[in-house]
Amino acid sequence: MTEKEFKIKVLPLSLLVFPMAKRMLRDEEAAKDAVQLSMLKLWEKRRQLKKCENLKAFAFRVVRNTCLDEIKRKKPVSFNHSENIISMHPCESNSYDEKEAVGLVKKHIAELPKKQLEVIQMKDIDGLDYPEIADVLNTDIAYIRVLLSRARKTIKQKLENDYAYEAVRQR
Amino acid sequence: MKPFDRDKLKENFWAGNTSFSDEEMLKEIAETDSSEAIYLEAMQQEHFSVKNIEKSSWNFIQQKRKNKRRVRFSIAASVAIVVGIMGLSFQNQRQAKLLEQFIILEQTLNHVSSELTTTHKSDVIYQDDYIVIVANN
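Sequence order for the protein chains is A and B. Position in the first sequence (first residue = 1) + 65 = our numbering. Position in the second sequence (first residue = 1) + 92 = our numbering.
Extracted from the complex, chain B is given alone in its bound form (with noise of 0.2 Å):
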């Protein structure tokens, strides 16, 4: 590269204008003593990695995924639950109110039964002990 190239590109760099591969190329020609390489070394030494943070950054999104499916399945749960407690008491209070009727209805017609089948003594004619008339009006 010519001295005056190197010297424009230098001069790119502090004014903000270099692509980055500019910026590798300034790397590998600027003099080890000159600014632009001890602030690129500088730079460098600030970009450090961490181990392990993608699995744990990916165990993270899986355990939060788990507790969301818990959840979700605790609310299901429980929605079924109360359904069900709800639709058992319904079928219950239906049944009694069946059984009721059914009572009332029994009642009626045992009432009515009783009714047809006895007879008032004002109807009685003539009565001993073998036999009973009835008037049959």
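If we strip away everything but chain A, and leave its shape as in the complex, we get (with noise of 0.2 Å):
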């Protein structure tokens, strides 16, 4: 892969890996740092880049792995997914009921279990479908399914026992 190759296809890349380096790190200085050391690392690939199928996988799998290797480098600090989605990023939703249930479906998607998390994270937010999630987890799509799957319909069913209570409060 040339310079202007790379610049055009590989560069473009950290725009998106920069949030779930954040949500990883949990600092956006070392997010930083981060998705730079991971730049760095797919320009020394950068010959065998371009047989990859799948760049942005690989792009992200490069982050994911260099954000895990900080966070042990950094051992006293554990990686907690559920903490930073709701902290990180107040609501920005205009009505205050609509702020509530933006916070209720943030708290929601926090207390999911680790993978869920992840997975849920990838799809929705960084936008990797499933074949890329799979490459980036290095896990079978079927998994990948099930984990959305189960993820999301938690979410479902906490948001309708929270409207079933708000509705009876109401009452």
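These are computed hints drawn from the structure, not numbers from a lab. A few of these clues could be false.
What the hints assert, rightly or not - For each label pair, taking beta carbons as the anchor points, the in silico distance ranges come out as:
#1 B:124 x A:80: 26 to 32 Å
#2 B:183 x A:113: 42 to 48 Å
#3 A:176 x B:139: 18 to 24 Å
#4 A:68 x B:183: 21 to 27 Å
#5 A:110 x B:176: 55 to 61 Å
Every residue gets a Cβ at the ideal spot worked out from N, C-alpha and C, and that includes glycine.
Two chains, two separate frames, one set of hints: put the complex together.
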């Protein structure tokens, strides 16, 4: 892969992978460093990238591994997906009810088991499709489908419970 | 879209069986206070970007490339210096050896020459101020 090809095909992926790095590291500067380091790794592997079938998934995998290495290096801070999803981004919805509802969704997402949470974030935030998520997590597509289905169903169930509770409360 | 299709789409969405285009459609048709709309809104809020990450990543790569080049150049220069010093030292050693051999040869030749030119006293038969008679055997 030439420098020009790298700039066109690989470098723009840094925008896509950044949210995942930030979620994992819970720090913007650390996330930036991780993305930069991952891009350097990709640059050093640029000769092999031509053979790569899915560059996007490969880039996500490299960034995820870099973040996991960084987390291992700073061991005292454990990797917990659930803490960041609410705290990092306050609700931007207009009405109070909507804000509250969005906040509830975020809370329920944060309470999901680690694997389901990772899949749901990759699918619904990072915009990866099933084969790409399977590639990043090095697992099969059917398992990813199951995890996403379970995660969404859990959230739906919890939301329904919230609405039922709210309806009873208002009566 | 028919209500049946809409319900089916929602059902598929929660089951995780929707494509990106299905979800885009769902975003458009879902009522604002529906669970689907709120869920999609929550996820939308998590999707953020950062300024200049592309540029900073490229600058980082360039910086590392420069550093790498510098290190390579330093190594090459060090190797060249070491080889040069070794070459010079070898040359000096060779010259010293040659000089030593030359001196030995010179001394040997001087000795031979002096041996050939000097005459032994026992060979002199007669000698005065004007004449020397030497036996030449």
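Going down the list of hints, with the structure as the test:
no., hint, verdict
1, B:124 x A:80: 26 to 32 Å, "holds (29 Å)"
2, B:183 x A:113: 42 to 48 Å, "holds (47 Å)"
3, A:176 x B:139: 18 to 24 Å, "holds (20 Å)"
4, A:68 x B:183: 21 to 27 Å, "violated (45 Å)"
5, A:110 x B:176: 55 to 61 Å, "violated (37 Å)"
In the structure shown, a violation is registered for the earlier hints numbered 4 and 5, in ascending order.
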